[in-house]
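Take the given structure of chain A and dock chain B to it, following the hints.
One line per chain: the protein sequences are A and B, in this order. According to this note's numbering, the stretch in the first sequence is residues 786 to 1394, in order. According to this note's numbering, the stretch in the second sequence is residues 38 to 470, in order.
Hints in this document: simulated from the structure, not taken from any laboratory. A few of these clues could be false.
To be verified - With a cut-off of at most 30 Å between alpha-carbon atoms, the simulated DSS-like pairs for lysine-lysine come out as follows:
hint : chain 1 : residue 1 : chain 2 : residue 2
1    : B       : K55       : B       : K468
2    : A       : K1131     : A       : K957
3    : A       : K1292     : A       : K1113
4    : A       : K980      : A       : K1190
5    : A       : K1278     : A       : K1260
6    : B       : K467      : A       : K986
7    : A       : K906      : A       : K986
8    : B       : K312      : A       : K821
9    : B       : K400      : A       : K793
10   : A       : K922      : A       : K821
11   : A       : K793      : B       : K55
12   : A       : K958      : A       : K821
13   : A       : K1328     : A       : K1370
14   : A       : K1274     : A       : K1328
15   : B       : K468      : A       : K820
16   : B       : K346      : A       : K808
17   : B       : K55       : A       : K808
18   : A       : K1292     : A       : K1131
19   : A       : K922      : A       : K971
20   : A       : K971      : A       : K986
21   : A       : K821      : B       : K346
22   : A       : K886      : A       : K1016
23   : B       : K312      : A       : K892
24   : A       : K1260     : A       : K986
25   : A       : K808      : B       : K271
26   : A       : K958      : A       : K820
27   : B       : K271      : A       : K793
28   : B       : K346      : A       : K1010
29   : A       : K1328     : A       : K1381
30   : A       : K1016     : A       : K986
31   : A       : K1010     : A       : K821
32   : B       : K467      : A       : K793
33   : B       : K175      : A       : K793
34   : B       : K312      : A       : K820
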Amino acid sequence: MNLNHQNKLIIGLVAVAAVLLGKLFYIQIINDDYKKDASNNSMVYEYIYPPRGVIYDRNGEELVTNLLSYDILVTPREVPAFDTLALANALGIDVEVIREKMAYYRKYRTRIGYQTQTFLKRVPQEVYLRFAEEEYKFPGFRALRRNVREYPFNAGGNLLGYVSEVDGDFLKKHPDEYRAGDYVGKTGIEAAQEKNLRGEKGYHIRLRDSRNRVMTSYNDGLDDKPALPGKNVYTTIDAHLQQYGQELMDGKVGSVVALEPSTGEILAMVSSPGIDVDILADISSHWEELSNDPYKPMFNRTVMASYPPGSVFKLINGLIGLQEGTLKAEYSYPCYSGYYYSGNHKLGCHSHASPLRLLDAIATSCNGYFCFVLKYILENKRYASTAEALDAWREYVLSFGFGRKLGSDFPSELGGNIPTSQYYDRIYGAGRWSFPTIVSLSIGQGEIGATPLQIANLAAIMANRGHYYIPHLIKDSEGVEIDPVYHEKQYTKVDSMHFVTCVEGMKMAVNGQGMAGATARAAAIPGIEVCGKTGTAQNPHGKDNSVFICFAPADNPRIAIAAYVENAGFGATWALPVASLMVEKYLTGTISPERKYLEDRILNTRFIQ
Amino acid sequence: MKEIGGNTRSLRDSVDWKLVICYLVLVLIGWVNIYAAVHSSEPSSIFDWSCRSGKQAVWILTAFLLDFLILFVINPRMWEVISTPAYLAVVLLLIAVIFLGIEVKGSRSWFALGPVRFQPAEISKITTALLLSMVMSKSTFRMYDRSAFLTVAAIIGIPMLTILCESETGSALVYVGFIFALYREGLSGWYIVFGLIAVVLFVLTLVTNWWISLILLGLLCLGWMVNILRSTYKEERAVRRSALWRTILAFLAGVAMIFATNFIFNNVLQDHQRKRIEVLLGMKEDPAGVGYNVRQSMIAIGSGGFAGKGFLHGTQTTYGFVPEQSTDFIFCTIGEEWGFIGCFTVIILYVLMIIWIINDAEKSRENFTRIYGYCLASCLFMHLFINIGMTIGLMPVIGIPLPLLSYGGSSLWAFSVMIFIFIALDHQEKKYF
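Chain A on its own, in the form it takes in the complex (with noise of 0.2 Å):
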């Protein structure tokens, strides 16, 4: 091409022309920034909030549902001068509140642009109405109706947990699924089955123009989206029991963990001191409150805890004798109020007939007889040396659940400590330690933990002879399906005709009437053959803790239960009651008039404020 002027001049206005097209091409289909901010310019997401689920106890009743709010919106850019006074009347709050966060939106108007902000949050419905009436006065400020969480039962703040607005962390986290002002179950059940309850949210599309008018719906409205309610969740809860443990536990510190042995449900699930659902409702405002308490409210104890079990855990030292040959039943020991274990020292008894058997060693809770229990387990010469025997044993002490997560469908679950040889060999060195060393285990103390949860399923394994059901907190209902591993039978690594004996022993510790040293007499409940086992573990940090598991009936067990009670002394004196009374309760209905005195003696005693 001959470069003349004309053609210099055509060509640099094709290259003028090519420069412009790059341009456009860029930001028309290379660059996406221009679509979003389009959108975020002229349409107006109206999101519509779907009620959350409801959740039920296994009975019908409603634990927690949903009552109408408003949250008052607030599009800074369309708020003209207004009488600030008169809102703050209608809203029932603070002029200078209003005046506060009409100088926040002017100091970040330019972040803010065309956005609207919450103004307040949790508006009831009267203060709504009221500034309805009153809302044409307000250009720039509307109401966005909201459901919030309504308790009809005190079934226990730790247990349904609590439904908050998301903060950042957890947009970072979640970003597709949530933004910011949804909100989310954060603990208990709401946190559990959060993806069944919180339904799907909706949305208007509206366009708006440039003065944030909102004009029209956009697309005919075909783009919008309906809200997809929430599924509603059935719990094994009982409301009742719930509530009446929790009545017991009142003033206390500790667990009670409710279970039905067939089918492992939880029918009840006590910590104590919880949080009240009047609190739960609005716990923003009470944090400080929360986590300032010595108690720790929010410490969910049932499934968080870990407690040395204490004599209930003789139960599966016995059981695993006789399943591996160490004990028999009809072996006595004797028992001079305790053990010696090396030279002077002595693990220490009650005063109860010697020597014993097996069960009357079970019905009175010998710590001697049990010392010996394991001493032969740990000694048993198909072992090559202590060690090994411990974790033949620690094998056989997990198959009932504990040292590890049970797995059920509550959140933060915790597996609490079954100490292996070598955490043993860690501290003593390898070989420096033998059978004396670790006694203490002989009584479920020292180094073994357990959460009331793994305890109230020992109590399970004691009802069915032998197996259990994996504890969950959620029934099979319409479009909520639970795992089907729920409804298999776990199996310890101990022959069911053992628990049979042992069951032998829990019966006798409640009903060996006239029977010296049979520790659970109390638990006895006119009508009900309960079997029971009673522990008293030592805590260093103070008084001994009480605990007690029974089942009742002692044939075809509909509750297995497990209470826990921090520095109260005897697992007789006060773990005992409570759980017996919650499974006459759970079983009759009623407190027979005979045993109302345990009642009053326990809902009467308290030991924190």
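What follows is chain B alone, placed relative to chain A:
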């Protein structure tokens, strides 16, 4: 081909219909998009007299009438004849409007005759082009004659400066485009190159630092000097010396320019101009103020994507996020509703139109027609580049219309007349030769 006996070519062959069709298509695109730009959620008819698309329909029909008159009734010879008095009359109007005009958005460039407003700056492009063509087409005209050079400078400079006084920077800037026509007629290309280097230095000094510009200038001058020394080694000493002096002068001018930059920027430019440049160069962010137009305009265009959102479905367009959307920012509507395809089509139509005008101009035996054609092409190009460049953030916000597309009678009439004068000139020539 020419036939003896004064036979004329048929209308079909003598009118450049490509240009006419291009013109018609662009006008139609403009009208449809003006309708979309002012179309609010209450749909009104495109012919509704009370809305801008209705008014534009009237402007378009009257423009067609003008086109017809120019093409078939008025003798094209007349344009050459009246060029001087027309030019003088329009310059008078330009000066008069400063005193008698009404103020619209900070500039005094509009006459108000009852309900109708009209902007003499639009016509002055035509008269300037005509006079320029007349003067330069004389056989005695030599570009580098001092008097000729000064005449040309005056013809362009007088209306340009007057318009600057009216604070119509955009319209004044268009006159810079006449340099392309002068270039075609033999002006050295270095003027354009120097102009571009000046712009680059200006921007560089503003965005970075004066010494970076100085280094660039030094390198450029050094390169030029080396080039001169190499290419003139056979020449006489005097020639070489004068060439070297020129580079030194250019360097000094550049240095002066660099050090004047901040002064010009801060003291000569008006506040809004300074802000627009700052926003364009990213020196300041002002999304709510000056940057708002450009940002909204780029959002509208960018959100159009490849194929656009469809006629009347532009969310930014329909709801008036872009100011001046039917006039200076009409390109946004095209960008948003017709996407890249629409933008491409419009730009290609303009480019083809300009290229065809240049081709016709080159084929013409008449100097007047040729020079006028280049003046027309330059004007179209300047409007196209400044206007579209502004909507997509390549140019500062300078208020000039997109030819034939933007809403407004003055602009549409002026461009129609200007284009059809050329088509008529071309038609007359083809008819008889």
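Results of checking the hints against the structure:
At most 30 Å may separate the alpha-carbon atoms for a hinted pair to count; K55 of chain B and K468 of chain B meet this at roughly 16 Å. Restraint check for K1131 of chain A and K957 of chain A: not satisfied, since their Cα atoms lie roughly 57 Å apart, outside the 30 Å limit. For the hint pairing K1292 of chain A with K1113 of chain A, the CA-to-CA distance comes to about 18 Å; that is within 30 Å, so the pair holds. In summary, the hint linking K980 of chain A to K1190 of chain A is supported, as the alpha carbons are separated by about 22 Å, within the 30 Å threshold.
Between K1278 of chain A and K1260 of chain A the CA atoms are separated by roughly 28 Å; this keeps the pair inside 30 Å, and the hint holds. Of the pairs offered as hints, the one joining K467 of chain B and K986 of chain A is violated, with about 71 Å between alpha carbons and a cut-off of 30 Å exceeded. Among the hinted pairs, K906 of chain A with K986 of chain A is consistent with the structure: their alpha-carbon atoms are about 18 Å apart, no more than 30 Å. Straight-line distance between C-alpha atoms of K312 of chain B and K821 of chain A comes to about 26 Å, which keeps the hinted pair within the 30 Å bound.
Proximity of K400 of chain B to K793 of chain A is assessed by CA-CA distance (about 17 Å); at most 30 Å being required, the pair is judged to hold. For the proposed pair K922 of chain A and K821 of chain A, the alpha carbon gap of about 33 Å is over 30 Å, so the pair is violated. Of the supplied pair hints, the one linking K793 of chain A and K55 of chain B holds, its CA atoms being roughly 23 Å apart against a limit of 30 Å. Of the supplied pair hints, the one linking K958 of chain A and K821 of chain A holds, its CA atoms being roughly 22 Å apart against a limit of 30 Å.
In summary, the hint linking K1328 of chain A to K1370 of chain A is supported, as the alpha carbons are separated by about 29 Å, within the 30 Å threshold. Between the alpha carbons of K1274 of chain A and K1328 of chain A the distance comes to roughly 38 Å, so the proposed pair goes past 30 Å and is violated. Restraint check for K468 of chain B and K820 of chain A: not satisfied, since their Cα atoms lie roughly 52 Å apart, outside the 30 Å limit. Under the criterion of a C-alpha separation no larger than 30 Å, the hint pairing K346 of chain B with K808 of chain A is consistent with the structure, at around 19 Å.
For the given pair, K55 of chain B sits about 28 Å from K808 of chain A by alpha-carbon distance, which is consistent with the 30 Å threshold. With a CA separation close to 29 Å, the supplied pair K1292 of chain A and K1131 of chain A stays within the 30 Å bound. Annotation: proposed proximity of K922 of chain A to K971 of chain A is violated, straight-line Cα distance about 38 Å (limit 30 Å). Of the pairs offered as hints, the one joining K971 of chain A and K986 of chain A holds, with about 18 Å between alpha carbons and a cut-off of 30 Å not exceeded.
Annotation: proposed proximity of K821 of chain A to K346 of chain B holds, straight-line Cα distance about 14 Å (limit 30 Å). Between K886 of chain A and K1016 of chain A the CA atoms are separated by roughly 37 Å; this puts the pair beyond 30 Å, and the hint is violated. For the hint pairing K312 of chain B with K892 of chain A, the CA-to-CA distance comes to about 23 Å; that is within 30 Å, so the pair holds. Proximity of K1260 of chain A to K986 of chain A is assessed by CA-CA distance (about 25 Å); at most 30 Å being required, the pair is judged to hold.
Distance hint between K808 of chain A and K271 of chain B is unfulfilled; the C-alpha atoms sit about 46 Å from each other, more than 30 Å. Proximity of K958 of chain A to K820 of chain A is assessed by CA-CA distance (about 25 Å); at most 30 Å being required, the pair is judged to hold. A threshold of 30 Å between alpha carbons decides the hint, and for K271 of chain B with K793 of chain A the separation of about 29 Å falls inside it, so the pair holds. Proximity of K346 of chain B to K1010 of chain A is assessed by CA-CA distance (about 21 Å); at most 30 Å being required, the pair is judged to hold.
With a C-alpha separation of about 27 Å, the suggested pairing of K1328 of chain A with K1381 of chain A holds against the 30 Å cut-off. Using a Cα cut-off of 30 Å, the hinted pair K1016 of chain A and K986 of chain A holds, with the two alpha carbons roughly 13 Å apart. For the hint pairing K1010 of chain A with K821 of chain A, the CA-to-CA distance comes to about 19 Å; that is within 30 Å, so the pair holds. Our distance criterion of 30 Å between C-alpha atoms is met by K467 of chain B and K793 of chain A, whose separation comes to about 26 Å.
Our distance criterion of 30 Å between C-alpha atoms is met by K175 of chain B and K793 of chain A, whose separation comes to about 25 Å. A C-alpha spacing of about 26 Å is found between K312 of chain B and K820 of chain A, which places the hinted pair at or below 30 Å, so the restraint holds.
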